[in-house]
Amino acid sequence: MSKFKGMNYKEFAITHGEKIVLGFIALFVVFVIFTSQWTPEQRTPAELEQKVNTAETVVSNSQWPEENRNEYLKEDDLRQKVAKLMNKPMEVTPYMFTTKLSWPIYAKKAKAKEVDWLPVEDLVANYGRVIMHTRPADALLEGSEGTKEAEEKAKPDEPEYDAFKRRTAGMGGGMGGPGGSAMAGLTFGGIPGEAEMMMAGDPGAMNPGFPNPDAYAGGLPEDMMGMEGGMGMTGPTREGRGLRFVAVRGVFDLATQQDKLERSLGDAFSFQNMQTGKILEFLDFQLQRKTAQPGDNPWAGEWEDVDIETSIEVLKESADFDPEVVNSGITDRVFTMPLPSRIAGFWYKVATHPRVENFTLSQEEIEQELEFNRRILDQYKKTHSNEKVFKEKQKGFSTLQLDMRGMRSELMYGGGGASEMDSVMQGMADSMMQERQGRPGEPMDEKKLIQTLKANVTAAGRLLLFRYFDFDLNPGETYKYRVRLVVRNPNYQRPIEEVVLQAVAEGETRTTPWSNETAAVAAEEDVHFYLQSVRPPRGIAGTTANFEIYQWYPKTGTTIQSVIKTSIGDEIGGEQVTELYDVAKEKYDDKATVEFDTQNYLVDAIPAPSIRLEEHPDLNLPARTRGHLPI
Numbered sequence: 001m002s003k004f005k006g007m008n009y010k011e012f013a014i015t016h017g018e019k020i021v022l023g024f025i026a027l028f029v030v031f032v033i034f035t036s037q038w039t040p041e042q043r044t045p046a047e048l049e050q051k052v053n054t055a056e057t058v059v060s061n062s063q064w065p066e067e068n069r070n071e072y073l074k075e076d077d078l079r080q081k082v083a084k085l086m087n088k089p090m091e092v093t094p095y096m097f098t099t100k101l102s103w104p105i106y107a108k109k110a111k112a113k114e115v116d117w118l119p120v121e122d123l124v125a126n127y128g129r130v131i132m133h134t135r136p137a138d139a140l141l142e143g144s145e146g147t148k149e150a151e152e153k154a155k156p157d158e159p160e161y162d163a164f165k166r167r168t169a170g171m172g173g174g175m176g177g178p179g180g181s182a183m184a185g186l187t188f189g190g191i192p193g194e195a196e197m198m199m200a201g202d203p204g205a206m207n208p209g210f211p212n213p214d215a216y217a218g219g220l221p222e223d224m225m226g227m228e229g230g231m232g233m234t235g236p237t238r239e240g241r242g243l244r245f246v247a248v249r250g251v252f253d254l255a256t257q258q259d260k261l262e263r264s265l266g267d268a269f270s271f272q273n274m275q276t277g278k279i280l281e282f283l284d285f286q287l288q289r290k291t292a293q294p295g296d297n298p299w300a301g302e303w304e305d306v307d308i309e310t311s312i313e314v315l316k317e318s319a320d321f322d323p324e325v326v327n328s329g330i331t332d333r334v335f336t337m338p339l340p341s342r343i344a345g346f347w348y349k350v351a352t353h354p355r356v357e358n359f360t361l362s363q364e365e366i367e368q369e370l371e372f373n374r375r376i377l378d379q380y381k382k383t384h385s386n387e388k389v390f391k392e393k394q395k396g397f398s399t400l401q402l403d404m405r406g407m408r409s410e411l412m413y414g415g416g417g418a419s420e421m422d423s424v425m426q427g428m429a430d431s432m433m434q435e436r437q438g439r440p441g442e443p444m445d446e447k448k449l450i451q452t453l454k455a456n457v458t459a460a461g462r463l464l465l466f467r468y469f470d471f472d473l474n475p476g477e478t479y480k481y482r483v484r485l486v487v488r489n490p491n492y493q494r495p496i497e498e499v500v501l502q503a504v505a506e507g508e509t510r511t512t513p514w515s516n517e518t519a520a521v522a523a524e525e526d527v528h529f530y531l532q533s534v535r536p537p538r539g540i541a542g543t544t545a546n547f548e549i550y551q552w553y554p555k556t557g558t559t560i561q562s563v564i565k566t567s568i569g570d571e572i573g574g575e576q577v578t579e580l581y582d583v584a585k586e587k588y589d590d591k592a593t594v595e596f597d598t599q600n601y602l603v604d605a606i607p608a609p610s611i612r613l614e615e616h617p618d619l620n621l622p623a624r625t626r627g628h629l630p631i
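Read left to right, the sequence shown gives residues 1 to 631 (this note's numbering).
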């Protein structure tokens, strides 16, 4: 052991290592030789060669099954595929930089060109009747007396109605009927009296169409909130009248129009300005109709402009506006007509369009929409108290209603950032969460609720609803309609070096192309009468005819009926005593005096043939027929 202690192992490995390895290899070779079993090949080389030739013959003579051939062989020409891959350029988009590596010091500005305007699409028209809740006559007279001084001071271009005026008691029936409801009181465009007008020319007055912030410092007044305002069961009697109308509706593709504006405006385009209405601004609309004429070509006549002042006058008579039945984000204050207050029924199909069904609101959603709009309005008053809401050059229905879509966009995309809209949505979510407490069902997730509110606001901005109710109708006539919009020219007065042609910057307004023509829509006749019987002359009385008349009565909006005896040469109609039900006043009169007007005269009448008893005694006819038996 003492010898190993002094041994140099490294020197030993270098000197004798290869000998040790060679010894192990020799031992392995000896092990393989003595442990392997060696046997000679029994087949001769000729036999092996014959076996190979036989296998080649079998392979060459074998048939490939058709199913295997179709599976492994393709009919595609490999050469064509290779050539196609070689000649087709490689798509480099996935490998490109999203941001330019270098920018020019003086960037070339894109010049603006004429905008490709879109028409109102899928215009439809439907006929209907409604019983409108009207303002009391004394309220109309009181309002007119108090406005003489205001009319003297008002400017010609000043809006005639203040959208924020508080309503007189008894004006809040709306959809809620007697007693009012949360939906009925707040309309964002209620019709005021002229007595409380704000003078645009008075330095101490507010801008037209906007309230005094101090007056509403504590929130909206109760009658605007719609809780206890309006007409109670013991309040004044409601008044109403029937209206016949044609509801004309269409949609405007706002999202596509914004894309076209982005391509046309060049460097002047701004997403923020687009969303806040500073680039795409609707000013007015032109609605035309064509009346069918007798003849082979009933539509050969000319298109005539529809006077929208007729409908505006009807809206002024309405006691209130019914709440909107679609999301406010798809409405426009210029061409989406407010809904007159109905005594009975609801505005749905005739006030919407098939393409905006996803934005149609249920009764619960209508209440939520009103609450959301209230909060939008309160927030807008706080942050935009010095701004002018009414735009002087806007026409249509802009003086009768607020621009809720514009207010939403201003709060979301305006100078205050999204924080203003976030504040509104947070308050709305807290209110809904509080109302939900104690109710059965799963609890609401506040974050998901806020996300849903944001999604509703942003998704609603793709389409706009055009809506117009034509009240100027003649019963029995048939009409077709078309419409186009008037917009502000976004390139108006731009420098010549920023536009392609000088004409692009000329003209303050532009008009969209005409929409499609609606299908023919007929205004139903108010009167239908049927011959009941004809009596032959008796004594000095001539031939008479009895007519059963059914007439839609505009004063009440209901149908009246009577049987009228008419002599030859007389008008079929006249003053009659009949049953009348007034839906607005909820009164029934079984002896009401009304006027039936068919605008038809009885020219002649022939009694039905009769059988004389004395000529046919064998028939055993009844004796009490005064000598004649009608057939």
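Take these hints with a grain of salt, some might be off.
Label-pair restraints from in silico Cβ distances [unchecked claim]:
{"id": "1", "residue 1": "118", "residue 2": "477", "range": "14 to 20 Å"}
{"id": "2", "residue 1": "575", "residue 2": "616", "range": "52 to 58 Å"}
{"id": "3", "residue 1": "80", "residue 2": "281", "range": "21 to 27 Å"}
{"id": "4", "residue 1": "621", "residue 2": "565", "range": "22 to 28 Å"}
{"id": "5", "residue 1": "281", "residue 2": "477", "range": "33 to 39 Å"}
{"id": "6", "residue 1": "590", "residue 2": "534", "range": "27 to 33 Å"}
{"id": "7", "residue 1": "118", "residue 2": "585", "range": "43 to 49 Å"}
{"id": "8", "residue 1": "31", "residue 2": "85", "range": "55 to 61 Å"}
{"id": "9", "residue 1": "292", "residue 2": "616", "range": "48 to 54 Å"}
{"id": "10", "residue 1": "362", "residue 2": "590", "range": "38 to 44 Å"}
PhoX-like mimics (lysine-lysine), calculated; alpha carbons at most 20 Å apart, straight line [unchecked claim]:
{"id": "11", "residue 1": "555", "residue 2": "585"}
{"id": "12", "residue 1": "395", "residue 2": "316"}
{"id": "13", "residue 1": "316", "residue 2": "260"}
{"id": "14", "residue 1": "316", "residue 2": "555"}
{"id": "15", "residue 1": "591", "residue 2": "565"}
{"id": "16", "residue 1": "260", "residue 2": "113"}
{"id": "17", "residue 1": "587", "residue 2": "555"}
{"id": "18", "residue 1": "290", "residue 2": "111"}
{"id": "19", "residue 1": "109", "residue 2": "260"}
{"id": "20", "residue 1": "290", "residue 2": "480"}
No lab work stands behind these hints: they were computed from the structure. Note that beta-carbon positions come from the ideal geometry of N, C-alpha and C, so glycine has one too.
For each hint, the structure was consulted:
For the pair residue 118 and residue 477, the beta carbons lie near 31 Å from each other, so the given range of 14 to 20 Å is not met. A hinted range of 52 to 58 Å for the beta carbons of residue 575 and residue 616 is inconsistent with their spacing of about 43 Å. Roughly 57 Å separates the CB atoms of residue 80 and residue 281, a value that falls outside the hinted 21 to 27 Å. Judged by the Cβ atoms, the range 22 to 28 Å given for residue 621 and residue 565 holds: they are separated by roughly 27 Å.
Distance hint for residue 281 and residue 477: a CB-CB separation of about 36 Å, consistent with the stated range 33 to 39 Å. Look at residue 590 against residue 534: about 29 Å separates their beta carbons, and that is inside 27 to 33 Å. A hinted range of 43 to 49 Å for the beta carbons of residue 118 and residue 585 is consistent with their spacing of about 47 Å. Taking the beta carbon of each, residue 31 and residue 85 are about 58 Å apart, inside 55 to 61 Å as hinted.
Distance hint check: the CB atoms of residue 292 and residue 616 are about 52 Å apart, consistent with the given range 48 to 54 Å. Taking 38 to 44 Å as the suggested C-beta distance range, the pair residue 362 and residue 590 conforms, at roughly 39 Å. At roughly 12 Å between alpha-carbon atoms, residue 555 and residue 585 fall within 20 Å of each other, so this suggested pair holds. Distance check on the hinted pair: residue 395 and residue 316 sit about 16 Å apart at the alpha-carbon level, within 20 Å; holds.
Note on residue 316 and residue 260: the hinted pairing is violated, with a Cα-Cα distance of about 38 Å set against a maximum of 20 Å. With a C-alpha separation of about 17 Å, the suggested pairing of residue 316 with residue 555 holds against the 20 Å cut-off. For the hint pairing residue 591 with residue 565, the CA-to-CA distance comes to about 18 Å; that is within 20 Å, so the pair holds. Between residue 260 and residue 113, the direct Cα distance comes to roughly 11 Å. Compliance with the 20 Å bound is thereby established for this hinted pair.
The straight-line distance between the Cα atoms of residue 587 and residue 555 is roughly 13 Å, inside the 20 Å bound, and the hint therefore holds. For the hint pairing residue 290 with residue 111, the CA-to-CA distance comes to about 41 Å; that exceeds 20 Å, so the pair is violated. The hinted pair formed by residue 109 and residue 260 meets the criterion: a straight-line CA distance of about 18 Å does not exceed 20 Å. Simply put, residue 290 and residue 480 have alpha-carbon atoms about 5 Å apart, close enough for the 20 Å limit, and the pair holds.
In this structure, the hints that do not hold are numbers 1, 2, 3, 13 and 18, in rising order.
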